[in-house]
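2 protein chains.
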Amino acid sequence: MGVRRFFALGLAAGLLFVLPSNAGRHDTQAPGWFRYALGDFMVTALQDGSIDLPASAYQGLRADKIEALTKRAFALSANGVPTSVNAYLIDTGAHHILVDAGNADCYGWKLGGLTANLKAAGYEPKDIDIVVLTHLHGDHVCGLAAGGNRLFPKATVWAAAEEAAYWLDEKNKATPPKARAALALYGKDFRTFKPSDAIAPGMTIVPAHGHTPGHTAFLFESKGAALLVFGDIVHNHFVQFAHPEVSVMSDANRAEAIATRQTIFAKAAADNTAVAGGHLPFPGIGRLIKDGDGYVFAPVEFAPKP
Amino acid sequence: MGVRRFFALGLAAGLLFVLPSNAGRHDTQAPGWFRYALGDFMVTALQDGSIDLPASAYQGLRADKIEALTKRAFALSANGVPTSVNAYLIDTGAHHILVDAGNADCYGWKLGGLTANLKAAGYEPKDIDIVVLTHLHGDHVCGLAAGGNRLFPKATVWAAAEEAAYWLDEKNKATPPKARAALALYGKDFRTFKPSDAIAPGMTIVPAHGHTPGHTAFLFESKGAALLVFGDIVHNHFVQFAHPEVSVMSDANRAEAIATRQTIFAKAAADNTAVAGGHLPFPGIGRLIKDGDGYVFAPVEFAPKP
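Protein sequences appear in the order of chains G and V. Under this note's numbering, the first residue of the first sequence carries the number 29, and numbering increases by one thereafter. Under this note's numbering, the first residue of the second sequence carries the number 29, and numbering increases by one thereafter.
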């Protein structure tokens, strides 16, 4: 018998049995952390949560082509494009640096898994001494607060000077009030950087403006290994790796966002530098391979040792 | 400053600091289990381990094209093609069915993570009452034994009649002795099936011969949701989704293996049926989307709830 009949068989088998409902089944998920070795550094990817976003509006490609690509995302979820919210902890030996702090409960989304996943991975919030923010959208900032207090009591929090100037301006209504409140908890421990600043050994500030005025990536390097934690350079991996010329509505400056994405993709692919994305499928770490006019993303694969 | 300078900056920064070695870093990985809800059933993907295989010999595509595709795998590991060894536990409410049992220590590979991951996921080996084997290669069979005893004391173990006839023939030197010994531990609890047999409600036998003489997939269905656990239909996801016409050396009957792969891919893509593969990147579950003459694999994405 060939495989062609398998669905017909399936239907037939379904009619033969009545199954009990499976009330006693385990329905917890594995914890949302993943370790990635980077020379002497150890990177821990941390998931704050995942949301099914409505298909966003993309520009820069024929509508039918975009539809065909986003259909791939909808093969996974009828509710929308599955979108992870990731943060990255880099233990350099000298510092515990957290890149982005998760969404917690901004934008009406109930995420906030960051703390539990941080603890499951063997850390406590007090272990973090540096937080660097790729940008000040709520889903990267609101997780700095927990119950009205600093989640990271010992951390200095950093963002680009351009980013702070834009988003912390009281006239900018787009900033979620909770994001501004979370940053305010850090008082003088919230600081801004210029591109030439060196905040911590092994970490380089890489301006990557466009998505927001001061959007920044961070390059971590140890013993010849490199990881570029690049925040919101990509929003839809089904579309934008193949078509980096496609922009998303939330990009503040689309032309600049596209140019930045093109530059970063080209360099990371040419040098086989690993990248980590704030909204790539968890753990969100992988490499880019040039493929025609676009790129293919090769995500890291799970293995028992980092 | 633009992003173009980022690697130059990185090198400069690297020279400015001397970092302590990171001896106190956490170097454990997250546990290798992943839950996937399927109607009233609950599926738990379990990783036995992962190996970097040498680039296998593929047939059916120009050598330069194959080289370009396998290069994507080598972007992730210089040691070879990262290859996961997966098993799947399906809790149907009536049964705990394990599809494949992992490699343990066959072929000289030290894997054997299945038991620890099963326990981390909330199960004990004695909970398993049915084991179905896609085929009798050692990396699917050897994990039935632990320390010379049955790992699954209460399970009946099943394989296709053609598969048992071929691999258990003493004249067939290709069977690892440990695989034969593992099966022997189950005595009369090792049984064979014909395609028309119904072993458990909600599970359908789907002959998928070619990789081995009795290679079999298993279709699980609950409340309109379906998952085809298809064993070794794919060995290299970088090559064979785009080019299902490419065969791998370990396929016993290449023409049949290719025809089976083409049929299963086409059907799964047309019906948007989820698939789970014994060697796909863990957790190895996803959907196929038709793309030109081949397919794109859209893996499930990690989320805090199954």
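If you're looking for bench data, these hints aren't it; they were derived computationally from the structure. Treat each hint with caution, since some may be false.
[As the list claims (entries may be wrong)] Heads up, incomplete: computed chain V residues facing chain G, CB under 7 Å, no partners named:
no.	residue
1	Pro48
2	Asp119
3	Pro309
4	Pro332
[As the list claims (entries may be wrong)] Some chain G residues near chain V, calculated using beta-carbon distances under 10 Å:
no.	residue
5	Trp61
6	Phe69
7	Gln87
8	Lys182
9	Asp217
In this text, a Cβ means the ideal position worked out from N, Cα and C, and glycines have one as well.
Evaluated hints:
Given hint, proline 48 of chain V at the interface with chain G, holds; its Cβ is 5 Å from that chain's nearest Cβ, closer than 7 Å. Taken as an interface hint, aspartate 119 of chain V checks out: its beta carbon lies about 5 Å from the nearest beta carbon of chain G, inside 7 Å. Interface restraint check: proline 309 of chain V against chain G, minimum CB-CB distance 4 Å, threshold 7 Å, status holds. With a cut of 7 Å, the hint placing proline 332 of chain V at the interface with chain G holds, because the nearest CB-to-CB distance is about 5 Å.
The beta carbon of tryptophan 61 of chain G is positioned within 10 Å of a beta carbon in chain V (closest approach about 5 Å), and the interface hint is therefore held. Interface restraint check: phenylalanine 69 of chain G against chain V, minimum CB-CB distance 6 Å, threshold 10 Å, status holds. With a least beta-carbon distance of about 21 Å to chain V, the hint placing glutamine 87 of chain G at the interface is violated under the 10 Å criterion. With its C-beta approaching chain V no nearer than about 17 Å, lysine 182 of chain G sits outside the 10 Å limit, and its interface hint is violated.
Checking aspartate 217 of chain G against chain V: minimum C-beta separation of about 22 Å lies over 10 Å; hint violated.
The structure shown violates the earlier hints numbered 7, 8 and 9.
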